[in-house]
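Q: What follows is each chain in one-letter form.
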Amino acid sequence: MATKVPWNRPRTAPIVLVSGSESVTAERAIRSLRRDARALYPDLEYTTLDAVEYSPGSLLSLAGPSLFGEPRYIEVTSVEHCSDEFLEDALRYVVSSADDVTVVLRHGGGNRGKKLLDTIRKLDTAVEIECSAITRDQDKQGFVLAEFDAAGRRIHPQALRKLVDAFSGDLPELASACQQLIADVAEDVTESDVETYFGSRVEATAFTVAAAAIAGRTGEALVTLRHALSTGASPVPIVAAFAMKVRLMAKVAGVRGGGAQLAKLIGAAPWQINQARTEAQGWSQAQILEALTTIAETDAAVKGAERDPIYAVERMVRCIAQRESILHV
Amino acid sequence: MDVWQGLVGQTEIISQLRRLAEANAARYRKPDPSADDASADSPSADDASPVLAQPTAGDETRVMPEADPDSDIRLAHSWLFTGPAGSGRSNLALAFAASLLCPDGGCGSCQSCLMARSGNHPDLRVLRTEKVIIEIDDVRDIVAASYLSPSISRLRIQVIEDADRMSERTSNVLLKAIEEPPSSTIWILCSPSEADMLPTIRSRVRTVRLSTPTVEQVADFIVTADGVDPALAMRSAREAQSHIGMARRLATDADSRARRDASVLVLLGIVSSSHVAKGAQDLVAIAEQDTQAAATLRTERDRSEFFRQLGLPLDAPVPAQYRAQVKAFDESNKRLIKRSLLDGVDRILLDLESVGRDALLVRMGVNDGLINVERAPEITAWAAKRTPAQLVGYLDAIAEALTRTTRNVTPLLAFEAMLAAVIDKEAVS
Ligand SMILES: [Zn+2]
Chain A
1 MATKVPWNRP
11 RTAPIVLVSG
21 SESVTAERAI
31 RSLRRDARAL
41 YPDLEYTTLD
51 AVEYSPGSLL
61 SLAGPSLFGE
71 PRYIEVTSVE
81 HCSDEFLEDA
91 LRYVVSSADD
101 VTVVLRHGGG
111 NRGKKLLDTI
121 RKLDTAVEIE
131 CSAITRDQDK
141 QGFVLAEFDA
151 AGRRIHPQAL
161 RKLVDAFSGD
171 LPELASACQQ
181 LIADVAEDVT
191 ESDVETYFGS
201 RVEATAFTVA
211 AAAIAGRTGE
221 ALVTLRHALS
231 TGASPVPIVA
241 AFAMKVRLMA
251 KVAGVRGGGA
261 QLAKLIGAAP
271 WQINQARTEA
281 QGWSQAQILE
291 ALTTIAETDA
301 AVKGAERDPI
311 YAVERMVRCI
321 AQRESILHV
Chain B
1 MDVWQGLVGQ
11 TEIISQLRRL
21 AEANAARYRK
31 PDPSADDASA
41 DSPSADDASP
51 VLAQPTAGDE
61 TRVMPEADPD
71 SDIRLAHSWL
81 FTGPAGSGRS
91 NLALAFAASL
101 LCPDGGCGSC
111 QSCLMARSGN
121 HPDLRVLRTE
131 KVIIEIDDVR
141 DIVAASYLSP
151 SISRLRIQVI
161 EDADRMSERT
171 SNVLLKAIEE
181 PPSSTIWILC
191 SPSEADMLPT
201 IRSRVRTVRL
211 STPTVEQVAD
221 FIVTADGVDP
231 ALAMRSAREA
241 QSHIGMARRL
251 ATDADSRARR
261 DASVLVLLGI
271 VSSSHVAKGA
281 QDLVAIAEQD
291 TQAAATLRTE
301 RDRSEFFRQL
311 GLPLDAPVPA
321 QYRAQVKAFD
331 ESNKRLIKRS
341 LLDGVDRILL
351 DLESVGRDAL
361 LVRMGVNDGL
371 INVERAPEIT
381 AWAAKRTPAQ
391 LVGYLDAIAE
401 ALTRTTRNVT
411 PLLAFEAMLA
421 AVIDKEAVS
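Chains as they are written, first to last, in this note's numbering: chain A, 1 to 329; chain B, 1 to 429.
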C-alpha cells in the first residue's frame, strides 16, 4: 500500500502521487520535493512531462534503464486530463518502476485516470501526497504557518488569526498575502502589520475602485485598483463593477421622480438610485455615455483584444476619473 | 426532383457542379476499356479512384473525364465552399456530396440520394456544430473515418460545416488528412470566406465561392418552400438581407417580425442616456427571446430524435443506464443556446446596421433600394435630425459592436456603446 502523507510533510519515493484539487499546496509540496532531490543530487537529470500533450513512449524512455544508473527526476503535470497514450504508458511504468528514478505525478482531482490512481495506491513503492481543498480556518492557519516556516520566519498568533479572517476567500489570495508580508516586514509579523497591510482590504473591492474613479479621485482610484489587483482581484469583474455603476448613472441621468418610483421603473433598489444620482452629479449625459463606451472597449481589452489587461484597466480608471474619452488617450 | 432542387440562386455554380457529378457517374458506368476488370467486386486501387485532380493540377493526364471535355471544375479531393452566413453554402455542399454518391450523378430519387438527404448515407459523413468552436476530438473522429473505404458507393464524402470554427491546432489535424487522402475520399469544407482558413489548408482545396443570393431569388424560394404570400416573402427576404434562414423565419413567424420591428423602434427612439441603458437592455431581451424561440423548437426536435434513437419514451423517467448520456446531451444543448444568443445579438446588429444605411441613403437624397421600407417615414424623420457624418459614425459604432461581440464583450455593454453613438453629444452635454 502507498504511504499517505500531508502536503506540508512531503516524502519522496520512486512513485509520488500528488492528488487533490488545492493547487497552491500541491505546488508547495512539489517544489519542496524537487528542492530536496536537488540537494541530494546536484547533477540530477530533471524533466517535466505534460500528460495532455504527451508523445507516446516518452515516459518509458525517460525512465528506462540508464547506463550508469544516474538518478533521474520526472514531473508529470495535468494527469487529471491525461491522454489515453499517457495512461497506457503510466500504467505500465508504475508497476515496474526503477529505484534510481523519481516520478512525481500531479493529479488535480476528477475521474480521469482513476485506474492509474487506484493502481498507484496499491503499490508499496509509492507515496501519496494529499492536497485536498483547504476550507477550514484551522487548515488555513496551518497553511500560513507552513509558509512562514518555509521562509524561516514567524507570525504572532493574533496576527495569524487576523490574516486568515481577512482572506476568507480562496487560498491563492492568502498565499500571496503571506508572501507580501514575508517580503515587506523585517521582523516577526504582528497584528498591527496585518492591520497596516490588509486592514482596509474588505473595502478594496472593485466597487470602491469604481466609486473613487467616478468621483474624480484619480490617485485614490489607481491605488485601490493596484491593491485589489495585488490581492487577487482580476480585471474582468472590475470592469463589470464599473459597467454596473455607470449604467445606473446613465439610467438616472436627467430623469425626474422619487427614488421609490424610479426604482420600480429601472429595476434597482431605492438606495442604489439615490447613490447613482449622487454619483452622477457633475456628469453630463455625454460624459456618461463616453464612459460606457470606454468600459465596453476595456471589456474587450481584458478579454484578450489587448495584450496587457492590467494596463487596460488602469487606462479605464484614468479615463473615467478624468472624464475623458478613451478615444482621446 | 434532383439533388439540386430547392437550392437558392447559384445557378452557374450548380450547372458546373452538376456537369462534374454527371461526368463522374458516367465514368463509372462506362469504365475505361484499358481497365476491364473494373466491374469486379474488388476493383483495383486505380479504378476505385474517381477522376481526380489536385488543385495544383500539374498532372494533366487524369484531370478530365473523356465524357465531359468542357467542364471547367475538376473533381479535386478537397473542396472549400465559401459564402456568407445564410447563403446556403452548407446545403449546396450537401447537394454536391449527394450528387457524387449517386450512380446517376444526383438523380434525387434513388436509394443513395434518399439516404443522403435523410442524413443516413453510410459513405457521407457530416461534421456540424453550433458551438463557438469545433472540438478537436470531433475532427479526429471524422479524420479517422476518412481512411475507411466507402461501403456502398465508389466514394466516401466528408463534409465539415463551419470549418472556420476550428482552432489552429484542430486545423492541423485536418490538414494531415487532407494532404494525403485515400483515393476514394473527397473532403468538402464550408466557411464564410477563404480568409477564415489557414493558408496551408487553403492551398490544398479547390474553392467554390457562392454569391449572396438576390432578394428575388430568396423570395421565390420562400414562396415555393413555405407557400407564403409573395409580397410578404419579398419583404422578409429584403429585411433579412438575403439570409435564407432568417428570411424564412420572418416570412413564417409573426413573432419574429414583431421582434425585428421592436429592435428597429428601440434604435429610432433613443434620445437620452437613460434610453441608451434601457434600450440596450431591451435589445438583449429581444435577442434572448429570439434565441429561446429558435432553440426551443430545435431542442425539442433533437431531444425527441435522441430519445427515439435510444429507444426511450419521452414522457417516462430515464432508466439509470441512460442517465449519463441524456445528461451529456442536455449539457451540450445548453452550450448551443449560448452560441445562438450570440447569433441573435449579431442578427440585431445587422438589422440596426440596415437602418443606419437606409438613413444615410435618405439623408443623401436617395429613396430607392431601402431595406426597411415599412419604416421609411420614421427613418426619414430620424435621419433629418442628424448629419451624414454622424450617421457614418453610427455605422462605425455598429461595426465596432460586431467586433466586440466576437471578443466576448458582454452583449449589454456592446449594445450600450453602440446606442451611445446615436446620441447627439452636443445636445445632451
Ligand atoms: Zn440518385
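What the hints contain is simulated information worked out from the structure, not anything from laboratory work.
This one's a predicted model, so the numbers in the text were calculated from it and none came from an experiment.
Fair warning: there could be bad hints in the mix.
Selected chain A positions facing chain B (Cβ under 10 Å, derived; list incomplete) [claimed, not checked]:
1. 1
2. 239
3. 266
4. 267
5. 314
Straight-line alpha carbon distances no greater than 30 Å define the calculated BS3-like cross-link-like pairs of lysine-lysine that follow [what the hints assert, rightly or not]:
6. B:385 to B:327
7. A:122 to A:162
8. A:264 to B:327
9. A:114 to B:327
10. A:303 to A:114
11. A:303 to B:385
12. A:303 to A:115
13. A:114 to A:4
14. A:115 to B:327
15. A:162 to A:140
16. A:303 to A:122
We put the beta carbon where it would ideally sit given N, CA and C, even for glycine.
Q: Does residue 4 (chain A) lie within 30 Å of residue 114 (chain A) when you go C-alpha to C-alpha?
A: Holds. Residue 114 (chain A) to residue 4 (chain A) sits at ~17 Å (cutoff 30 Å).
Q: Under 10 Å is the threshold here; is the Cβ of residue 267 (chain A) close enough to any Cβ of chain B for the hint to stand?
A: This hint holds: residue 267 (chain A) lies near chain B, its Cβ roughly 8 Å from the closest one there, short of 10 Å.
Q: Between residue 114 (chain A) and residue 327 (chain B), does the CA-CA distance stay at or below 30 Å?
A: Holds: residue 114 (chain A) and residue 327 (chain B) sit about 21 Å apart, inside 30 Å.
Q: Would the hint linking residue 122 (chain A) and residue 162 (chain A) be met if the CA-CA limit is 30 Å?
A: Violated. Residue 122 (chain A) to residue 162 (chain A) sits at ~42 Å, over the 30 Å cutoff.
Q: Would you check the hint for residue 264 (chain A) and residue 327 (chain B), treating anything up to 30 Å between C-alpha atoms as holding?
A: Violated, because 39 Å separates the two Cα atoms, which is more than 30 Å.
Q: Taken at face value, is the distance from the CA of residue 115 (chain A) to the CA of residue 303 (chain A) at most 30 Å?
A: violated, 38 Å
Q: Classify the hint on residue 239 (chain A) as holds or violated, based on whether any CB of chain B lies nearer than 10 Å to its CB.
A: Holds. Min distance 9 Å.
Q: Just to be careful, I want the Cα atoms of residue 115 (chain A) and residue 327 (chain B) compared with a cutoff of 30 Å; is the pair within it?
A: holds, 24 Å
Q: So, as I understand it, the hint says residue 314 (chain A) touches chain B; can you test that by seeing if any CB pair is closer than 10 Å?
A: violated, 19 Å
Q: Checking one constraint from the list: CA of residue 303 (chain A) to CA of residue 122 (chain A), max 30 Å. Satisfied?
A: Violated, at about 45 Å.
Q: Report holds or violated for the interface hint on residue 266 (chain A), using the least CB-CB distance to chain B and a cut-off of 10 Å.
A: holds, 8 Å
Q: Are the Cα atoms of residue 385 (chain B) and residue 327 (chain B) separated by 30 Å or less?
A: Violated, at about 54 Å.
Consistency with the previously given hints fails for numbers 1, 5, 6, 7, 8, 10, 11, 12, 16, ordered from lowest to highest.
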